[in-house]
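Asker: Take a look at the letters that make up each chain.
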Amino acid sequence: MPVWATLDAAAAPAAAVAIRRARSTFDPARIPALGVMGAFVFAAQMINFPVGAGTSSHLVGGALLAYTLGPAAASVVMIAVLAIQALVFQDGGLLALGANIVNMAIIGVLAGYLPFAIWGSGGRRRAAIFAGGALSVAASAVLALSELLLSRVPMPRPMLAISLAIFAASALIEGAITLAVVEALDAMQPNFVRKPAERPLALAALAVTAVLLGAVGVLFASTAPDGIEHLTRIQAAGLPERWLGKTAAGLGGLALIYAVCLVIGRFAVRSRAAAGRSA
Amino acid sequence: MHHVILERWSRGRSPLHRRDPRFKAVALLVFLVVVATAGQRLPLVAAVWFLLLCGTAVAARLPLAAAAARAGIVLSFTAVFAGISWLAGDPARALSLILKSYLSAFAVLLLVSTTPMSGLLHGLERLGAPRFLLMVAQFLYRYLFVISEKAQHMHRAALSRGFGGSRRRSGRMEAAAGAVATLFAKSYGRAEGIHRAMLARGFNGQFQPLEPLRAGAADWAFGAAAVLAPIAVRVAIERGA
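Line by line, the protein sequences give chains A and B. 158 is the number of the first residue of the first sequence in our numbering; add one for each residue after it. 54 is the number of the first residue of the second sequence in our numbering; add one for each residue after it.
Incorrect hints may appear among the rest.
[Said to hold, decoys possible] Output of the computed footprint for chain B on chain A, the stretches with three or more beta carbons under 8 Å from beta carbons of chain B:
(1) 230-242
(2) 327-341
[Claimed, not checked] A partial selection of chain A residues facing chain B, derived with a Cβ cut-off under 8 Å:
(3) F197
(4) L216
(5) L321
(6) Q346
(7) V350
No lab work stands behind these hints, which were simulated from the structure alone. The C-beta atom is built at its ideal place from N, Cα and C for all residues, glycine as well.
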């Protein structure tokens, strides 16, 4: 139970950071563009892509928005999409909004933008776009699954394997759709998709590894939920109530993840500044 | 499109429609937390809460059966997890998932079908939600219908050109990608037009509400009742075990 509350608490500052960044990097007078792009995300889901075996799929859009609007603005648009979805379409639920925001609007968009930010301007651009689409869906799905496991929804092993296989397939599909749409956009008007700044390769490899390790780590931690509690037992030890302890443990775990993200982000900014000086 | 119904309901006339959106939003939030944390004797508590919500819907002059059915849409999402819990030998948990998600969805539905979206977002802004995000949400909601209709037109046009008959999957994939890209370009162009039109009318970076929110005695009374009633029900039933 405390999992949703923890994520609601975590979503608020994360959303605040995204909004502040979007305001500073995106001309506030162009707010209508963000709203209309949110409407586009809804509408694009009506267009079906054939993915074989008689089934079809549609665009999720987090990565595509990040490539065209920049990651912070894309996060804000996805938050608005999720909020309207929870209010108007009766899916997901309002208390789960925090979890959805963290999974899809924050981590999903960042994970989708990462490969593009690193390789998006070189010869590996197509691969980066594909990887971004795939990574955004994979990260969101793995996080959602982990949160379910952490809130102790019973999940038999075969079920876990099946859901992971489905996630992998939908991640690859999102990658393919994102790539196809970006190529169509490039053919139409090349300046729709932004040009990322140059980055050094070592940092790139490090960041991608960190994301992958993080995702896998969270999944493993949640299949053995006592692991994370153990990790943050220091905070939890003094608290009498069991659920209070759990919440504290969850918050501690989140703080840990935040700290890791902060360190990576700081590192990225510094090396970008260094690259700027040497250029 | 189904959300047109909500739009119509939210413009109805009833004492509930007239209440300040801030009080309704706070009452909803309290209710959601009280529901999510309920545990003991849940079926009985849930039944009383359901009656409370039905009463509210009737007081708001909403079609009760249609509203109760609409709230059931959420069950298509939670039924999966409830099924898993049931199969894993935890029927109590499955039942609690279903009851809680349904009651939460019903409560959210009551809020959005008694408050027009613009009023709701304005109320949330006054409660401290970030304005930038709310403005994005406002535009999103406003153009949701417009862009969706455009997508439907494009789909129909593609069908009339013989789209879908192609045996080559890669060809259809390309066509769908082209359609999404076209929709993107049209939306983007539309946004620029909207922005220019707004500047031409003197938009200064924030919305001016037509009528400012004013909290009267009726709003405070409603807010107190809506916050306390669900809590009282839960406490009374849990204590009376």
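Asker: All hints are to be evaluated individually against the structure, with a verdict given for each.
Answerer: Hint-by-hint comparison with the structure:
{"no.": "1", "hint": "230-242", "in the structure": "holds (count 7)"}
{"no.": "2", "hint": "327-341", "in the structure": "holds (count 6)"}
{"no.": "3", "hint": "F197", "in the structure": "holds, 4 Å"}
{"no.": "4", "hint": "L216", "in the structure": "holds, 6 Å"}
{"no.": "5", "hint": "L321", "in the structure": "violated, 15 Å"}
{"no.": "6", "hint": "Q346", "in the structure": "holds, 7 Å"}
{"no.": "7", "hint": "V350", "in the structure": "violated, 10 Å"}
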